[in-house]
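Chemist: Start from chain D and add chain X with the ligands according to the hints.
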Amino acid sequence: MMEDLSLHVLDLAENAVNAGATRVVILINENASRGLLTIRVSDDGRGMTEEVCRRALDPFFTTGQKRTGLGLPLLAQAARQSGGDLTVRSTPGKGTRVAARFRFRHIDRQPLTSMAETMIMLVLGHPEIDFRYRHRRDGRAFRFASHAFFARSCEGSAAGPELIREVRRTLRSGLESIGTT
Amino acid sequence: MSTKKLTIQELARIREKTKAMTVLRDGAGRAKVTVHMGTCGIAAGARGIMDALLQEIESRAVQDVIVTTSGCAGLCNREPMVTVEIKDRPPVKYAQLTPEKMRRILAEHVLEGRVVAEYALAVGSETMY
Ligand SMILES: Nc1ncnc2c1ncn2[C@@H]1O[C@H](COP(=O)(O)OP(=O)(O)OP(=O)(O)O)[C@@H](O)[C@H]1O
Ligand SMILES: [Mg+2]
Numbered sequence: 008m009m010e011d012l013s014l015h016v017l018d019l020a021e022n023a024v025n026a027g028a029t030r031v032v033i034l035i036n037e038n039a040s041r042g043l044l045t046i047r048v049s050d051d052g053r054g055m056t057e058e059v060c061r062r063a064l065d066p067f068f069t070t071g072q073k074r075t076g077l078g079l080p081l082l083a084q085a086a087r088q089s090g091g092d093l094t095v096r097s098t099p100g101k102g103t104r105v106a107a108r109f110r111f112r113h114i115d116r117q118p119l120t121s122m123a124e125t126m127i128m129l130v131l132g133h134p135e136i137d138f139r140y141r142h143r144r145d146g147r148a149f150r151f152a153s154h155a156f157f158a159r160s161c162e163g164s165a166a167g168p169e170l171i172r173e174v175r176r177t178l179r180s181g182l183e184s185i186g187t188t
Numbered sequence: 010m011s012t013k014k015l016t017i018q019e020l021a022r023i024r025e026k027t028k029a030m031t032v033l034r035d036g037a038g039r040a041k042v043t044v045h046m047g048t049c050g051i052a053a054g055a056r057g058i059m060d061a062l063l064q065e066i067e068s069r070a071v072q073d074v075i076v077t078t079s080g081c082a083g084l085c086n087r088e089p090m091v092t093v094e095i096k097d098r099p100p101v102k103y104a105q106l107t108p109e110k111m112r113r114i115l116a117e118h119v120l121e122g123r124v125v126a127e128y129a130l131a132v133g134s135e136t137m138y
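These protein sequence lines are chains D and X, in that order. Number 188 marks the last residue of the first sequence (my numbering); no jumps. Number 138 marks the last residue of the second sequence (my numbering); no jumps.
If we strip away everything but chain D, and leave its shape as in the complex, we get:
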């Protein structure tokens, strides 16, 4: 159904957006030598009550009106099927942190296909939110902070073609520099 971890990252970040976050921290760590891949998404959104947090991994549990409640259960399943796990920590009024771990070389571990595309959609779809992204890959790292980037980027129209091009170029070349996409 959703066989790409970079799509799951987008999905987690959309949860944070829906929770009213103003800052979302996305950490990816691909550690082949330790055989581990971890994904962590933290936000400063409205958080969950203990009750909601306990049920958040149940399929079809949702507090949204039109949503399906499948995002977290699908990711939990993807983590488990690769010998990993998923944990959710949340404090009402403070924020939420979702962490997923995967066995790097497990045959059922989904690929991390395009973090560039995921980050481009988030940064350009929600310029009001400060996305802090850090991607480590076997000792190399790439960082991107959207609001700091906007401050340094071109003077052109805020949501126009120049900005799209610059965001795309920066994320693509940054991820290329650590050997991924």
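The set of hints was computed from the structure by calculation and includes no laboratory data. Keep in mind that this is a model prediction, so the values were computed, not measured. Ideal placement from N, C-alpha and C gives every residue a C-beta, glycine not left out. Check the hints yourself; a few may be wrong.
[To be verified] With a Cα cut of at most 25 Å, we get these calculated SDA-like pairs of lysine to any residue:
| id | chain 1 | residue 1 | chain 2 | residue 2 |
| --- | --- | --- | --- | --- |
| 1 | X | LYS41 | D | GLY167 |
| 2 | X | LYS96 | X | THR43 |
| 3 | D | LYS73 | X | ASN86 |
| 4 | X | LYS110 | D | GLU10 |
| 5 | D | LYS73 | X | LYS41 |
| 6 | X | LYS41 | X | CYS85 |
| 7 | X | LYS110 | X | GLU127 |
| 8 | X | LYS96 | X | ALA70 |
| 9 | D | LYS73 | X | ARG87 |
| 10 | X | LYS41 | D | ALA158 |
| 11 | X | LYS41 | X | GLY54 |
| 12 | D | LYS101 | D | ARG30 |
| 13 | X | LYS110 | X | LEU20 |
| 14 | X | LYS41 | X | GLN18 |
| 15 | X | LYS41 | D | THR29 |
| 16 | X | LYS41 | D | GLY71 |
| 17 | X | LYS41 | D | PHE156 |
| 18 | X | LYS41 | D | ARG74 |
| 19 | X | LYS41 | D | HIS133 |
| 20 | X | LYS96 | X | GLU127 |
| 21 | X | LYS41 | X | THR16 |
| 22 | X | LYS41 | D | LYS101 |
| 23 | X | LYS41 | D | THR94 |
| 24 | D | LYS73 | X | ALA70 |
| 25 | X | LYS96 | X | ALA21 |
| 26 | D | LYS73 | X | LEU120 |
[To be verified] Example chain D residues on the side facing chain X (calculated, C-beta under 10 Å, incomplete):
| id | residue |
| --- | --- |
| 27 | ARG74 |
| 28 | ASP92 |
| 29 | PHE157 |
| 30 | GLY167 |
Modeler: Structure of chain X with the ligands alone, referenced to chain D:
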């Protein structure tokens, strides 16, 4: 997480930029396209639809169209979906999109104001539910 320290000038520019973006969001733009990015939308290919939309905006050098995302539109089996809003007109929802259909919607509806009826699901916000 530590990022490079920002100067006061940079902070001021961030404020100006985010303000400019909010202005756009609040209605100064020609049109707004919302890509539905709930789990069902993402699983059905919504990220590729938004990518096609942004690429088209980039290559046609469109200046005043707002692109944003929201949750599920409530019709999971018709995803990927987008909602197009043109100033002072009712919103139009499009379903079962492909990048090709998205590019056509941008060209005909967003830029020229003609609804692409063959892909449209509903005119007005909630009529189909
Ligand atoms: N970052 C978050 N902050 C606050 N609440 C969250 C967060 N992530 C998930 N939740 C809560 O957990 C519920 C389940 O999340 P999940 O992603 O599985 O489903 P959903 O977002 O409601 O629907 P879907 O992902 O299928 O579009 C949400 O409805 C919400 O109440
Ligand atoms: Mg979700």
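Chemist: Now, for every hint given, state plainly whether the structure supports it.
Modeler: Verification of the hints:
no.: 1; hint: X:LYS41 x D:GLY167; verdict: 13 Å, holds
no.: 2; hint: X:LYS96 x X:THR43; verdict: 14 Å, holds
no.: 3; hint: D:LYS73 x X:ASN86; verdict: 13 Å, holds
no.: 4; hint: X:LYS110 x D:GLU10; verdict: 24 Å, holds
no.: 5; hint: D:LYS73 x X:LYS41; verdict: 21 Å, holds
no.: 6; hint: X:LYS41 x X:CYS85; verdict: 22 Å, holds
no.: 7; hint: X:LYS110 x X:GLU127; verdict: 10 Å, holds
no.: 8; hint: X:LYS96 x X:ALA70; verdict: 20 Å, holds
no.: 9; hint: D:LYS73 x X:ARG87; verdict: 13 Å, holds
no.: 10; hint: X:LYS41 x D:ALA158; verdict: 24 Å, holds
no.: 11; hint: X:LYS41 x X:GLY54; verdict: 20 Å, holds
no.: 12; hint: D:LYS101 x D:ARG30; verdict: 12 Å, holds
no.: 13; hint: X:LYS110 x X:LEU20; verdict: 40 Å, violated
no.: 14; hint: X:LYS41 x X:GLN18; verdict: 30 Å, violated
no.: 15; hint: X:LYS41 x D:THR29; verdict: 21 Å, holds
no.: 16; hint: X:LYS41 x D:GLY71; verdict: 23 Å, holds
no.: 17; hint: X:LYS41 x D:PHE156; verdict: 24 Å, holds
no.: 18; hint: X:LYS41 x D:ARG74; verdict: 22 Å, holds
no.: 19; hint: X:LYS41 x D:HIS133; verdict: 13 Å, holds
no.: 20; hint: X:LYS96 x X:GLU127; verdict: 22 Å, holds
no.: 21; hint: X:LYS41 x X:THR16; verdict: 33 Å, violated
no.: 22; hint: X:LYS41 x D:LYS101; verdict: 31 Å, violated
no.: 23; hint: X:LYS41 x D:THR94; verdict: 36 Å, violated
no.: 24; hint: D:LYS73 x X:ALA70; verdict: 34 Å, violated
no.: 25; hint: X:LYS96 x X:ALA21; verdict: 30 Å, violated
no.: 26; hint: D:LYS73 x X:LEU120; verdict: 30 Å, violated
no.: 27; hint: ARG74; verdict: 5 Å, holds
no.: 28; hint: ASP92; verdict: 20 Å, violated
no.: 29; hint: PHE157; verdict: 5 Å, holds
no.: 30; hint: GLY167; verdict: 5 Å, holds
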